[in-house]
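A.B. asks: Take a look at the letters that make up each chain.
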Amino acid sequence: MLKRRIVGVLVVKGGIVVQSIGFSRYLPVGVPEIAVEYLNRWGIDEIVILDIDATPRKAAPALDVLKRCSALSLAPMTYGGGIASLHAIESVIQAGFEKVAVNTALVDHPEVITEGARSFGCQSIVASIDAKKTEAGYEAFVACGKRATGQAPEALAKHAQDLGAGEILLTSIDRNGSKLGYDAELISRVRAAVTIPVIVCGGVDHPRHFREAIDLGVSAVAAGNFFHYTEHSVIVAKRHLVSGQAPVRLDTYTTYEGFAHGARGRATKRDDDYLEALRFMYVPEEVI
Amino acid sequence: MSAKKIAIVNYGMGNVDSVGNALAHLGGEYFVTNEPKRLDDAHAIVLPGVGAFGAAMDNLRRMELVPALERQVKDKGKPYLGICLGMQLLAKDSVEQGFFEGLGWLDAHVLELPPGPDVRLPHVGWNTATVKRPSPILERVTEDSHFFFDHSYHLACDESVVTSTCTYGATFVSSVQKDNVLAVQFHPEKSQRNGLKMLRAFLNFVASH
Chain A
1 MLKRRIVGVL VVKGGIVVQS IGFSRYLPVG VPEIAVEYLN RWGIDEIVIL DIDATPRKAA
61 PALDVLKRCS ALSLAPMTYG GGIASLHAIE SVIQAGFEKV AVNTALVDHP EVITEGARSF
121 GCQSIVASID AKKTEAGYEA FVACGKRATG QAPEALAKHA QDLGAGEILL TSIDRNGSKL
181 GYDAELISRV RAAVTIPVIV CGGVDHPRHF REAIDLGVSA VAAGNFFHYT EHSVIVAKRH
241 LVSGQAPVRL DTYTTYEGFA HGARGRATKR DDDYLEALRF MYVPEEVI
Chain B
1 MSAKKIAIVN YGMGNVDSVG NALAHLGGEY FVTNEPKRLD DAHAIVLPGV GAFGAAMDNL
61 RRMELVPALE RQVKDKGKPY LGICLGMQLL AKDSVEQGFF EGLGWLDAHV LELPPGPDVR
121 LPHVGWNTAT VKRPSPILER VTEDSHFFFD HSYHLACDES VVTSTCTYGA TFVSSVQKDN
181 VLAVQFHPEK SQRNGLKMLR AFLNFVASH
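Residue numbers (this note's numbering), protein chains in the order written: chain A, 1 to 288; chain B, 1 to 209.
The set of hints was computed from the structure by calculation and includes no laboratory data. Model, not experiment: these values are computed from the prediction. All C-beta atoms in this analysis are idealised placements derived from N, C-alpha and C, irrespective of residue type, glycine included. Any given hint could turn out to be false.
[Said to hold, decoys possible] Here chain A is said to cover these stretches of chain B; the calculated rule only asks that three of the stretch's residues, wherever they fall, bring their Cβ under 8 Å from a Cβ of chain A:
{"id": "1", "region": "16-26"}
{"id": "2", "region": "38-52"}
{"id": "3", "region": "99-111"}
{"id": "4", "region": "184-190"}
{"id": "5", "region": "196-208"}
Could you build the full structure based on these sequences and the hints that come with them?
C.D. replies: Right under this line is the structure:
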């Protein structure tokens, strides 16, 4: 059975991974390579790197960093940021990425999406749509949330699908960094408008938020900040989901089986008897 | 035992480094090439690939790799591992964006995955493969082994070469084997530990071949 993906999003600004809050405040986290290495080791299903400096500076993708990142990941990789030509798509794929995400190009260079899908297959092109709730309803934004498109997110998503995009990455600007969970209404609108898979992002603070979006029928659930500050965050979140019978892949060597989750969704401390027994337990290293 | 060398064919379709990275993880010896002559130096050949079928065949023909691959794999019997597009190219033809002839090593055709009510295409994500017939590279695959799939087309072929299937709406072929020709629809190089285990099995198959 096809599992719902748990996706780690790394927002990169000034060459480092940042925590993003409402697309306006940024806190430093660390270098991309280390974030990629850990997410991969913790069994993430996919990694999305978004360089939010690239479009404003009209810079080409930082291919040297991307190559180092892809070499550290045995999970699929997506890159977004400054993709404005077929050549940029090709260079990112050659750097070891499976997919390329486009946002500003949806409005400024729509032909790039069609050409990219024709050359590399639609499964290589992800349309990244950032949406905000305004008085007139939801509106899609480009250029890192700076430029309004005048279009409803579901209309832009449908347009992206018609252009040849193979997936939608839908981010709620309002929920980004808010810890309030996903925007269910936004998700339902966009999901109903397209027949390609939808990845949702923005607002996760607890594994149950992933579950809520999975129950809305999305193909993949993404988070950025949520994964950064806790050891084994991916495995612990997946354990929570799998324990609740959610269709999620948990096949890392360590699975946190038998662990309970506390109020914040983190693994709680095991009882003293277990920890005592653990001292004499032999856990062999996995041989691949 | 001297390590056997694997040639990863770089024919301009998608990235070849991912496969190299995964083989390097396992201590496998490999080189990346697009020169037909260099395939002579290899003990086995891996054909990765992401992208459109027609463009892939054009590139293989332009680089004069089609006769070279046939000599190495069909005549000399070197182990071959096709990944994703590298599996689909084994077919006689494909209907992806038109109608294109393939390598034709298998009596097979590449068709679009059938859409369904709960089937969003492309088929992208982690899915399990059900083993239908023993094959060296499937030795350690269990019902809980997940692999990363990313495709809209599938290989329709004779049951006799099918080694595993996958289900997404309909059931389709996830791996095939015909003698020394092995191929998978998913991406073992991007499937974390289960992918590494499969590539380890392929290296063992090459070593014992």
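A.B. asks: Does each hint fit the structure? Answer for all of them.
C.D. replies: Going through the hints against the structure:
no.	hint	verdict
1	16-26	holds (count 6)
2	38-52	holds (count 3)
3	99-111	violated (count 0)
4	184-190	holds (count 3)
5	196-208	holds (count 3)
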